[in-house]
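*Asks:* Sequence:
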Amino acid sequence: MNKSCLDLSEFHTDQYIDIKERLVALEKHLSDPFSDCYVERLLDVVVACVTECTKTVKNVKNENMLAFLQRFLNVAVCLQSYRRKPEDFSFISSLGHGAFGRVQLVREITTGRVCAMKVLKKSRMLAQHTDYWAEKEIMSHGESPWIVQLYYAYQDLKNLYMVMEYVPGGNLVSWMDEVEFMSEAACRFYAAETILALIDLHAMGFIHRDLKPDNLLLDAGGHLKLADFGTAIRVDPETSLIHCDAAVGTPDYLSPEVLLSQGIGGGSYGFEVDWWALGVVIYEMLYGVTPFYSETLVNTYANIMNHANSLKFPENVNVSDACLDFMKKLLCDRTQRLGSQAHCLSEVYNHPWFSIDWIQSQQTDGHLDSMDVSIADWTWSNIRASRAPFQPHLRSETDTSYFQPETDDEDDELMVDGENVVDKDSSNHGRNNGHDSELVDVTNNNNNGKCKDVARGGDFPESSNSDHKYSGRCSDSLLELPGSQLVFAGFSFSSSHPHHLALLNGLHSSPLRGSNLTASASSSDLLKNGDNINNNSNKLGSVQLDKSMNHQLQENKCDNCKNSFLKSNGDVSSINNLLINNENENVMDSNISNHTKCESQLAGLRIQLDDALTLSDTHLNEISSLTVQLEQANARCHELENKLSLQEINFKKIHEEMERQLENVHAEAAKNRSYLEAEIIKWK
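My numbering runs 35 ahead of the 1-based position in the sequence shown.
Please note that the accuracy of each hint is not assured.
[Claimed, not checked] Below are the PhoX-like pairs computed for lysine-lysine, each with C-alpha atoms no more than 25 Å apart in a straight line:
#1 K363 / K347
#2 K171 / K63
#3 K193 / K93
#4 K171 / K193
#5 K193 / K120
#6 K364 / K347
#7 K193 / K90
#8 K706 / K719
#9 K171 / K120
#10 K717 / K706
#11 K678 / K688
#12 K90 / K120
For the record, the hints were derived by calculation from the structure and aren't laboratory data.
Source: prediction; values computed, not measured.
Work the whole structure out from these sequences, hints included.
*Replies:* Right, dumping it as structure tokens:
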């Protein structure tokens with residue numbers, strides 16, 4: 036009997052440990068921003084499911100969906116009201132806009148940090164099949180200093196929001212336009228930083244597919260950061276290739292294999308397309324024009340396909356042989372292209388253009404002035420700590436002078452902080468080479484990625500939150516289609532950085548309102564003075580009134596959010612009536628089951644209490660054991676201190692004895708020296 040009880044006890048102990056381990060693992064998944072079970076992603080799913088149900092019950096009365104809405108509509112509304120929203124950021128200025136939305140400079144109200152916020156309209160995302168998932172994954176997972184970092188991603192019913200680091204130096208295009216022709220030393224510097232950015236991106240398993248100066252941003256120190264991953268796609272992990280049947284990217288920077296992928300059947304390519312684009316970028320930095328540019332897009336494509344004959348290097352610009360060789364090895368057939376294979380990266384690092392010998396030869400030939408020498412003296416390991424060729428002069432952390440203003444269309448009118456504002460600022464992330472109006476063909480490409488419209492000027496989103504008015508050309512009717520909100524479920528993200536506000540990282544934890552209110556007094560004080568009873572009862576009453584008022588305000592807030600939530604999905608009254616009728620039908624069943632629920636909850640609480648007491652006893656035993664160990668350690672410490680003191684005394688005695696012996700030796704030596712000197716004099 037005792038043995039069976041012991042076995043049963045061991046079984047329950049093992050089961051408790053197993054449950055505890057599973058709960059710990061679950062908590063880790065919920066708090067891990069990169070987990071599929073991340074709490075922000077699960078909240079997205081809840082809100083999306085409730086939203087889709089509200090759209091469905093407008094047309095078809097479904098008892099099961101009504102019951103679901105009855106339970107979770109208020110939950111979803113309150114969850115959404117507690118989550119991150121556009122009002123958590125204050126608008127500063129507009130940075131740019133494009134086909135899918137707008138980028139704005141904002142300040143996070145809670146932390147005061149200046150950020151860039153990219154706002155994408157969901158309706159346009161659905162219409163264009165653009166891949167925002169890859170962009171979010173690259174900026175959130177990447178810890179590379181060469182890639183723009185994502186702080187938060189969140190959404191409402193109409194928009195996606197990505198809050199990322201602000202890179203105030205503008206893009207490489209504006210600097211290239213300012214200097215007209217970039218020195219070879221400066222070009223070499225930014226080519227090296229672009230190489231490091233591509234290596235980090237490719238190590239994550241992504242191809243950029245739209246590498247160009249427009250997407251190379253400069254930070255406050257003039258160093259490069261790779262941006263705009265709207266066309267990026269993950270390669271097959273086994274083959275390091277992707278299959279696509281459309282040319283994706285900007286025309287002047289497309290490689291031959293990308294052009295060949297157009298049409299029925301498509302084609303496959305890999306990281307080599309980014310290395311081709313790097314060759315085009317280097318050429319453009321040196322000569323001010325892309326190598327295969329023509330007045331018509333057809334001729335540009337023809338030049339790219341016939342690159343062996345059409346690639347020419349103007350002789351009016353002095354460029355070293357090493358640089359020419361590097362460009363030729365990038366703008367060549369994919370099988371021979373430099374850097375296209377992982378084992379070939381050493382050829383890039385060790386190319387003569389990036390060697391010390393190049394600096395010495397250029398100095399000998401007099402092609403490097405003092406400024407060029409200062410920006411040429413770097414290594415692959417310290418380049419980010421070296422002085423950059425371009426040094427932005429910023430007046431403040433909100434300086435946007437390196438983002439050139441342009442005139443917005445009338446349908447880019449925004450509502451910011453409750454006022455209509457027509458933004459006149461946007462960054463110029465592209466130059467006119469005759470292809471600005473030309474869009475590359477676009478199709479959806481399986482599950483590995485996508486092919487999207489990419490204008491020569493790049494893509495910059497347009498801002499509005501769920502309450503903002505927007506009169507764009509793209510209709511929001513796509514959001515009314517079944518499952519449209521489910522497409523975006525799981526988009527939300529919060530950086531795991533300890534200084535970023537995120538669920539389950541502890542920074543958001545704070546006492547609830549009114550938690551610091553105390554309306555109680557000690558019993559002795561109450562007995563001493565009867566007046567305190569009335570005073571404290573008044574305080575208690577005021578606290579209860581405050582709590583009830585706060586509860587009522589919260590209910591009103593949830594009701595307002597609920598009405599707003601329902602308005603976005605159709606007729607409020609019809610859905611409310613359906614919910615009320617369904618609620619009345621379920622009242623009786625609810626009352627009958629309440630007693631059973633309370634009993635089961637009470638039993639559960641008793642079990643939890645027993646577990647807590649058991650755990651408390653375990654902790655007390657551990658504390659006792661640790662106390663004994665601490666006492667033993669203290670005793671050992673005192674023993675060692677005593678031994679050390681004795682050794683110190685002995686050492687002092689030995690030291691004094693050695694000093695006395697040394698003095699005797701010195702005296703004896705002096706005596707012998709005098710004797711020898713006397714003998715020498717005597718012999719002389």
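*Asks:* All the hints need checking, so say for each whether the structure fits it.
*Replies:* Hints, verified against the model:
1. Annotation: proposed proximity of K363 to K347 holds, straight-line Cα distance about 10 Å (limit 25 Å).
2. Restraint check for K171 and K63: the C-alpha separation of about 21 Å stays at or below 25 Å, so the hint holds.
3. Restraint check: the Cα-Cα separation between K193 and K93 comes to about 19 Å, which is no more than 25 Å; the hinted pair holds.
4. Simply put, K171 and K193 have alpha-carbon atoms about 18 Å apart, close enough for the 25 Å limit, and the pair holds.
5. This hinted pair checks out: K193 and K120 have alpha carbons roughly 12 Å apart, not beyond 25 Å.
6. Restraint check for K364 and K347: satisfied, since their Cα atoms lie roughly 14 Å apart, inside the 25 Å limit.
7. For the given pair, K193 sits about 15 Å from K90 by alpha-carbon distance, which is consistent with the 25 Å threshold.
8. In summary, the hint linking K706 to K719 is supported, as the alpha carbons are separated by about 20 Å, within the 25 Å threshold.
9. Using a Cα cut-off of 25 Å, the hinted pair K171 and K120 holds, with the two alpha carbons roughly 18 Å apart.
10. Distance hint between K717 and K706 is fulfilled; the C-alpha atoms sit about 17 Å from each other, no more than 25 Å.
11. With a CA separation close to 16 Å, the supplied pair K678 and K688 stays within the 25 Å bound.
12. Pair hint K90 plus K120 holds up; C-alpha atoms about 23 Å apart against a cutoff of 25 Å.
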